[in-house]
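Asks: Can you build the whole structure from these sequences, using the hints too?
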Amino acid sequence: MINFLRLLWAEDYRRDGILLGVAVGVFGVTFGVLAAASHISPLKAIAMSLLVFTGASQFAALGIAGSGGEPLSALGTALLLGARNAAYALSISEVLPERRLPRLIAAQLVIDETAAMAKAQSQLQLSREVFWITGISVFVFWNAGTLIGVFLGEVVGDPLSWGLDAAFPAGFFALLLPQLSDRSMRFAAVLGASIAAITISILPQGLPVLAAGLGAAAAATSARKKK
Amino acid sequence: MSWALILGLAGGCYLFKIGGLFAARSRRASPWLDRYLGHLTPAVLAGLIVVQTFDGGGTLTIDAGASGLFVGAAAAWLRAPFALVLVLAAATTAGVRLL
Chain Z
2 MINFLRLLWA
12 EDYRRDGILL
22 GVAVGVFGVT
32 FGVLAAASHI
42 SPLKAIAMSL
52 LVFTGASQFA
62 ALGIAGSGGE
72 PLSALGTALL
82 LGARNAAYAL
92 SISEVLPERR
102 LPRLIAAQLV
112 IDETAAMAKA
122 QSQLQLSREV
132 FWITGISVFV
142 FWNAGTLIGV
152 FLGEVVGDPL
162 SWGLDAAFPA
172 GFFALLLPQL
182 SDRSMRFAAV
192 LGASIAAITI
202 SILPQGLPVL
212 AAGLGAAAAA
222 TSARKKK
Chain Y
39 MSWALILGLA
49 GGCYLFKIGG
59 LFAARSRRAS
69 PWLDRYLGHL
79 TPAVLAGLIV
89 VQTFDGGGTL
99 TIDAGASGLF
109 VGAAAAWLRA
119 PFALVLVLAA
129 ATTAGVRLL
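Listed in order, the protein sequences are those of chains Z and Y. Using the working numbering, you'd call the opening residue of the first sequence number 2 and step up by one each time. Using the working numbering, you'd call the opening residue of the second sequence number 39 and step up by one each time.
Read the hints as simulated data drawn from the structure, not as lab findings. There could be a bad hint or two in this list.
Okay, the calculated beta carbon distance ranges per label pair [said to hold, decoys possible]:
no., chain 1, residue 1, chain 2, residue 2, range
1, Z, L51, Y, A112, 44 to 54 Å
2, Z, D183, Y, S68, 32 to 42 Å
3, Z, V191, Y, S68, 19 to 29 Å
4, Z, E99, Y, S68, 18 to 28 Å
5, Z, A38, Y, P69, 46 to 56 Å
6, Z, S74, Y, A118, 37 to 47 Å
7, Z, L8, Y, G133, 29 to 39 Å
8, Z, F152, Y, W41, 19 to 29 Å
9, Z, S202, Y, S64, 34 to 44 Å
10, Y, G57, Z, S202, 23 to 33 Å
11, Y, L98, Z, G69, 21 to 31 Å
12, Z, R101, Y, S68, 20 to 30 Å
13, Z, E71, Y, L137, 29 to 39 Å
14, Z, G69, Y, S68, 47 to 57 Å
Anything over 10 Å on all C-beta distances counts as not near chain Y; from chain Z, calculated [stated by the list, open to error]:
no., residue
15, I3
16, L102
17, Q124
18, V141
19, A145
Where is the CB? At the ideal position from N, CA and C, for every residue including glycine.
Replies: This is the structure:
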């Protein structure tokens, strides 16, 4: 066991995947605390973290339905926020296992963190390994965090006040940064960021991030023209 | 929060993930599509960074989170370890909120 842990800790990318899971776990405490505060039963909060396993969607559903909003509007907004995982799945599909059952299990782990970590690796083999390490780490810590938040929320308080919400965009930037040395990647990212910034006040929640994907289409088109 | 909503949301979120994988497998081979999919995650993540930092409930807002992103990004630029980037971003945001 100790040897196994030492092996996990030995490589940067493995360590980073685990750390990302720990950070998500602390965020999971926030989800549990909010769920308890909105009088969602512990079983429902835990079921959400296990089955939905998409942080942004869970927070949105909680925010709308937990405060007496229309269930259908909660579902719509939460689904729009989960839709970007389809884009990640499309983009990193070769990282996931080919065999059916492992692929169906791995699919549940396709989220912001695993896509960012997988995409940050230079070799497919490393992407595959880090996808599983990050995915399992995030899954375990997110659910453990939810449990802690639901049952010990009053003791531990809401970790959101620690500024953890800013850790994720900064972490994603760190994972994106090495890819930005490539010109067309830089173009796609800058365009995606700009589209999101412009559409935040125009489009409903969830759509600005999807619209950012248009940056990839523009980059793919302009890369061909140059050749 | 009803069970119907939770299960509907769980099913829908999983369908998106599976749907993306299915579409990737059944797609036709095309160089443009290869390039598009190769650029898709960076573009979406860049958009996500902006939304997570600057979306103040449907308006572009600059608050404590922006300072955290700025410090974290600078640390990443200076090749700080990943853990330090996360901690610096969170600590900066928490600090600015306390002010």
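Asks: Hint by hint, note whether the structure agrees.
Replies: Each hint tested on the structure:
As the Cβ distance of L51/Z to A112/Y is approximately 37 Å, the hint placing it in 44 to 54 Å is violated. At roughly 20 Å, the beta carbons of D183/Z and S68/Y sit outside the given window of 32 to 42 Å. In this structure the hint that V191/Z and S68/Y lie 19 to 29 Å apart at CB holds, the actual value being about 25 Å. Taken as a hint, the range 18 to 28 Å holds for the pair E99/Z and S68/Y, whose Cβ atoms sit roughly 21 Å apart.
Taking the beta carbon of each, A38/Z and P69/Y are about 51 Å apart, inside 46 to 56 Å as hinted. For S74/Z and A118/Y, the hinted distance range of 37 to 47 Å is satisfied, since their beta carbons lie about 41 Å from each other. Take L8/Z and G133/Y: their Cβ atoms lie about 36 Å apart, and the range 29 to 39 Å holds. Separated by about 20 Å at the C-beta atoms, F152/Z and W41/Y satisfy the suggested range of 19 to 29 Å.
With their beta carbons about 37 Å apart, S202/Z and S64/Y fall inside the hinted range of 34 to 44 Å. Separation of G57/Y from S202/Z is about 29 Å and conforms to the stated range, judged on CB atoms against 23 to 33 Å. Checked against the hint of 21 to 31 Å, the pair L98/Y and G69/Z passes, with Cβ atoms roughly 28 Å apart. Evaluation of the 20 to 30 Å hint for R101/Z and S68/Y yields a pass: the beta carbon distance comes to about 25 Å.
Judged by the Cβ atoms, the range 29 to 39 Å given for E71/Z and L137/Y holds: they are separated by roughly 38 Å. A hinted range of 47 to 57 Å holds for the C-beta pair G69/Z and S68/Y, which are about 48 Å apart. Annotated as non-interface, I3/Z keeps its C-beta farther than 10 Å from every C-beta of chain Y; the closest such distance is 21 Å. At roughly 13 Å, the least C-beta separation between L102/Z and chain Y is larger than 10 Å, which holds for a residue marked as non-interface.
With 10 Å as the threshold on Cβ separation, the claim that Q124/Z sits away from chain Y holds: the shortest Cβ distance comes to roughly 15 Å. Look at V141/Z: its CB is around 18 Å from the nearest CB on chain Y, clear of 10 Å, so calling it non-interface holds up. Distance check for A145/Z against chain Y: the nearest CB is about 18 Å away, which clears 10 Å, and the non-interface claim stands.
Hints 1 and 2, counting from the list given before, are not met by this structure.
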